[in-house]
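Starting from the given sequences, assemble the full structure and let the hints guide the process.
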Amino acid sequence: MMTTLAIHDFFVRLFFGRDADSEVGYGLGSDGLFIFIWWVGVFFFVLLMALMFWWSWKYRRQPGKPAQVSASHNTVLEITWSVIPTLILVVIFFWGYDGYLKAQMPEGSSEEVDLTAYKWGWGMTYNTGWGADETVSLGSRDDIPVFYMPEDTPVLLKMSSQDVIHSFWVPDFRTKLDVMPNRYTPYSFRAAALDDADERVKTKTVKIADAERENVRYRDHWIFCAEYCGDLHSEMGAILRVVSKEDYEWWKAQPRYGVNTNPVEVGEKVYIGQGCATCHSIDGSAGTGPTWYEAYGRPVDFVDGSQMSQSDIDADPLLWDNYIRESILYPAAKLHAGYGNQMPSYDGRLSEVELRGLIAYIRSLSGLDIETENIPGFEELDEQTDGSDDGSMQANAEG
Amino acid sequence: MTTVDRALDHVHDDHHDVPYLTPKGGPVATVWDWMTTVDHKKIGVMYLFSVLFMFFLGGVAALMLRIELLEPTRQTAAGLTGAAFAGGEGSSVGAVGQFYNTVMTMHGAIMVFMFIVPGIPASLGNFFLPLMLGAKDVAFPRLNLASWYVYVFGSMFGVYVILTGGVDTGWTFYTPYSTTTDGQPQVVAMILAVFVLGFSSIFTGLNFIVTVHKLRPPGMGWFDMPLFIWALYATSIIQVLATPVIGVTFLLLLFERLFQIGIFDPGLGGDPVLFQHFFWFYSHPVVYVMILPAMGIISEVLAIHSRKRLFGYRAIAFSSLAIAAVSFLVWGHHMFTSQGELAAMIFSALTFLVAIPTAVKVFNWIATLYKGSIAWNTPMLYAMQFLFLFSIGGLTGLPLGALSTDLHLHDSYFVVAHFHYVMFGGTVIAFLSGIHHWWPKMFGRMYNEFWAKIGCALVFVGFNVTFFTQFFLGTQGMPRRYASYVDEFTTLHQISTYGSWVLALGFVVHLFVFIHSLIVGERAPQNPWGGLSLEWETDPVPLEHNFRHEPICKHGPYDFETTVPPGCDEKDFPLPPQDEVRTVH
Amino acid sequence: MATFDSQASDVAGDGAKAPLWKRYKAGHHWRTQDDEFDAAKIGIWLFLATEVLLFSGLFCAYAVFRMLYPEAISAGSGYLDWRFGFSNTVVLLISSFTMAMAIRDVQLNRQRWATINLSITWVCAALFLAIKFIFEYGPKWAEGKRPGNLFDYAYASTSHEHVWWSIYYMSTGVHATHVLIGMGLIAWLIYRQRKGAYGPTHFTMMEGVGLYWHIVDLVWIFLFPLLYLVH
Ligand code: HEA
Ligand code: HEA
Ligand code: CUA
Ligand SMILES: [Cu+2]
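Protein chains in written order, with this note's numbering: chain A, 1 to 399; chain B, 1001 to 1585; chain C, 2001 to 2231.
In short, the hints are calculated from the structure, not lab data.
Honestly, I wouldn't trust all of these hints.
[As the list claims (entries may be wrong)] Listing some non-contacts, in silico: residues in chain A with all C-beta distances to chain B over 12 angstroms:
| # | residue |
| --- | --- |
| 1 | A50 |
| 2 | L194 |
| 3 | S244 |
| 4 | S345 |
[Stated by the list, open to error] To give an idea of the chain A side of the interface with chain B (calculated C-beta under 8 angstroms), a few residues:
| # | residue |
| --- | --- |
| 5 | S30 |
| 6 | L51 |
| 7 | Q68 |
| 8 | S72 |
| 9 | G99 |
| 10 | D210 |
For glycine and all other residues, C-beta sits at the position ideal for the given N, C-alpha and C.
Right, here's the structure in full:
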């Protein structure tokens, strides 16, 4: 018994590196099935190859000697070797179907997180409204997001794509699901609990803006995009970081910027975190949407023939700020000439602070003076109504 | 067993009694003669060279892929291969990733649509199907030539795409990516190419079915046919029934791409998964279009080179038809991650159903070797290599067909390894076996057995090193169609790349063996292997009209125990004691 | 090297006075002329099978979108005037009938009648296309009832009408292309038949085109109710 287990472990390790970190894969789950099929394969392969090599050597051609006479069919034999594989295949089928159902069915009362895929990145929105905060690097990119997830808790990702089909795959969880542009698909998993014997489990201090939490134990898993989606398909990765439930609750509730965060920095965070970067460049290069580089303060022609002229801009210092605001919340309202109506609306997805941050960020890309005055924190802002101008924006627009 | 004497020999004019390879006058006249020929043999040879050329192009693309994957980051391709790649500069190939993606697409599309689908049937099939039936030609010779021209025309579109910068959709053309990616003219050209190639495929398939029905020699019943014919017949049925569906799919895709008609584009209310269903409804059956003719070759080669009647002839023949039929019902196994539970369950079950007739064939082939007189020559070595590699390829299809494991393995390198084991280890290896087996009959010359075996060994080693590693890459989490990867996969990828160089070396050796044989090869006898099917009754190089006299079927294709092969000496191919034969059967 | 209809054999043969069809010789690789005829017929039937599968792809697309957007499909078919569809059905049925008659005529060596029947068939095909383009495609396109992104109809009542029009134009368009090809083939038949190429012992090409024409007709018989009548 011990040795069988050891042999099983050996092959799991050989093929997968280690045991699965999810229920669907672990033990008699899909890893078990895989190893079972492996043994079936080995059995038949070795049997057939042994016969092939043995006979083709034993009966190799010898000059002047004919082949020996033997029967050219045998009904019993032929039925046997049709029926035995059939029975084995029936077992494989049901085992696989059973595992598949477990992987597909979300368990009751699970943690729900929204996931969006786009060319080329992943965004998650937790039920606190926040998304990822840290990034790591992968290949040519250093904006690979880190998503925190609770250990040993059923999680349901409600996935959708903004453009083409992508596929969400966490190899350590042994399951993947396509992310579609025209409907939601559910990816559910229960990440294995953190085990201190596991060398992958590490500890670190997590910082989010002003807040800090020490001794966060975590384990990282790769997220890959498994459905081909173009240029950066191979760098459309992300990290899924499993932490304890308490750490997770803390992490998802922390505001991503503090009272002291510079608005431009807030804007930059949003630019990367919310996927603006996919379409709008900040270096003047062409993209799906107009570049932000030196855009602020310049005249714009619209698709419908109307325009925002230099004199209009000079006359109304808030004209550009309002234009940006409108374009983010209702992208179709004014379409920049030369671009299609492709941007999704961010109405309800960005807070007032974030909107202002974006405006400040775009303004900074035109080399305009940056307002360095602090903007109010998240909670404070909610109390003020958004009509109240804090004046700083105005001052800057003139600069 | 067929014992038909035909008293009446056809009266024929002497003009046609020359070997088909004999040039017709000067070089211009000869070229003209080949370009306008309706002789199935010449068309078969032209097809053979065309598909091998395409294989070469696809192979070069493959080597470029492997070079890029030597390192985890994206850089090699831009520097090393980028310069070598036609249209590398000033074309629409933009970023490095795009470069990899276009090469990957070209590799897959060339290999599937321009090499392996027409591959065996249009080259060896065209040449030998009429000969094995004792016929003078296929049923519709002009349609046959048309098929070749359509093939060349379609492939030109493909080459145009390569020269102008390529398509980056992958060979599967999934929407909405394929309808939105850059490079409109290239994508359209590629879609047209596949559309046009479909016609060539249908022409060949239709021609073969009719030929088998109407041009069998009288007295040769269905079960007296060589198994290669059975395989081609089953293949043709799939080609004729599945190809129109890819035709209409690509027509819709073309209009989607050009006019945004909104059938597949989710942005306009279309359904991208519908495209996947349409695509795989064709493209799954087509994998059996690739493998069935290969299985036919293996049946021939194993029988002839071990001088044994095939074990379970009928089972092999029927399993070809069974595979053809069931192959139409399993397409959904390519879409387990994008469809509903009920569909997934049904497709998984049907997938296992199709594995059974294949397993039966493998058992029969191995049993054929028992008590044979087995020659260790190149065709036979390749046939054994086929059994080895195809078994691995087929068995690794099982975890892909099982639902829970496929959720992990789908779109990973495990799939890449699986299909190279079946397509390369199965079809290409069998193709090589068949080429060596029939080479003497096609070109009237022997090849160098020693160097051919060296090539065979290099291919075996190179192939396994290249692709066995990829199973582990897949299970460990390496997704396919990746131009770059995370560091932990580096070692396995590098081994795989080194393997591909050994593989390429093997092909270079084969190339030289072929060229050497064509120029200075020893003249081939009429029947070097002692085959009994009718193609071995022709002259060493078949005549323009194939046979000197309409062939007389005195024996079945596998009656090695009772028949001295035509054109052979009993000393070389002795018969067993005849009374023993009578008692066993 | 004959397939269905040998040009080469036109010149060869005995008595130059005999009509072409009497002088017809099967391709050299056939044992008998009957074999060649049978082969051609199997070939045509296989080809028809491919046609059926081609259209079944379009029917599947129709079925899928009917499930996805039932209102759009029923609103869409509401725009079609069944009277045009019905006239076209009648026109095609007549042409199918005259096509069959033409083959019969050739078999009985009634060459004049064969010409007349073939000509009627051709005219019916042309009429079909005329009705289609003048009364259906033309006005609809002008009103903006166009497929997909080209859709520009101001009074659309449901959200996915452009998908309906894609299905409509694709399926009837592919069918109309087949009618057009059929007209070319029938014109060729008239030309050859006038030269005396077909008669009681040789009418392979007639038979082949005839079968093709019936399948084109049959496809329309399915398209008509699906597109015009089912709401
Ligand atoms: C020559 C082509 C060929 C052949 C013959 C096969 C044969 C099989 N294939 Fe494969 N397949 C491909 C070409 C082929 N395939 C390609 C090109 C793809 C990828 C396409 C893409 O996405 O780009 C693919 C992908 C593919 C998938 C989708 C994977 C994914 O994307 O997630 C699946 C899933 O079911 C599958 C299954 C099978 C099965 C069960 C067989 C069976 O027919 C195999 C049967 C054979 C055996 C079983 C082995 C021999 C038998 C024995 C040794 C005896 C013992 C047997 C038993 C006990 C059963 N294949
Ligand atoms: C018949 C089918 C076929 C064949 C034979 C091959 C052959 C090879 N393929 Fe394959 N491959 C596919 C079909 C095939 N492939 C398909 C369909 C895909 C999927 C594409 C997609 O995802 O869209 C794919 C994808 C694919 C990938 C994955 C790419 C990715 O997902 O990112 C890789 C990577 O290693 C690869 C490598 C190779 C290699 C090294 C060979 C080698 O075996 C090549 C060896 C050949 C040569 C080296 C040629 C050398 C020839 C000569 C020197 C002259 C000889 C001349 C004569 C004999 C006349 N291929
Ligand atoms: Cu996203 Cu691949
Ligand atoms: Cu398949």
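Exercise. Holds or violated: is the Cβ of A/A50 farther than 12 angstroms from all Cβ atoms of chain B?
Worked result: About 10 angstroms separates A/A50 from the closest Cβ of chain B, which leaves it inside 12 angstroms; violated.
Problem set entry | Interface restraint verdict for A/L51 against chain B (beta-carbon cut-off 8 angstroms) | holds (5 angstroms)
Exercise. Would A/S244 pass as off the interface with chain B, using Cβ distances and a cut of 12 angstroms?
Worked result: Holds, since 25 angstroms exceeds 12 angstroms.
Exercise. With a cut-off of 8 angstroms, does the beta carbon of A/Q68 approach a beta carbon of chain B closely enough for the hint to hold?
Worked result: With a closest approach of 4 angstroms, the A/Q68 hint holds.
For this session: Have a go at the A/S30 hint: is there a Cβ in chain B nearer than 8 angstroms to its own Cβ?
Result: With a closest approach of 4 angstroms, the A/S30 hint holds.
Problem set entry | Hint check, A/G99 versus chain B [nearest Cβ-Cβ separation less than 8 angstroms] | Holds - the Cβ of A/G99 comes within 8 angstroms of chain B, reaching about 3 angstroms at its closest.
Exercise. Would the hint on A/S72 stand, with a C-beta cut-off of 8 angstroms toward chain B?
Worked result: holds (4 angstroms)
Exercise. Can we trust that A/S345 is non-interface, i.e. its beta-carbon lies farther than 12 angstroms from all of chain B?
Worked result: holds (15 angstroms)
Exercise. Would the hint on A/D210 stand, with a C-beta cut-off of 8 angstroms toward chain B?
Worked result: Where the cut-off is 8 angstroms and the nearest Cβ of chain B is about 33 angstroms from A/D210, the hint is violated.
For this session: May I ask you to check that A/L194 keeps its beta-carbon over 12 angstroms from the closest beta-carbon of chain B?
Result: Holds: least Cβ distance 20 angstroms, greater than 12 angstroms.
In terms of the numbered hints stated before, the structure departs from hints 1 and 10, listed from lowest to highest.
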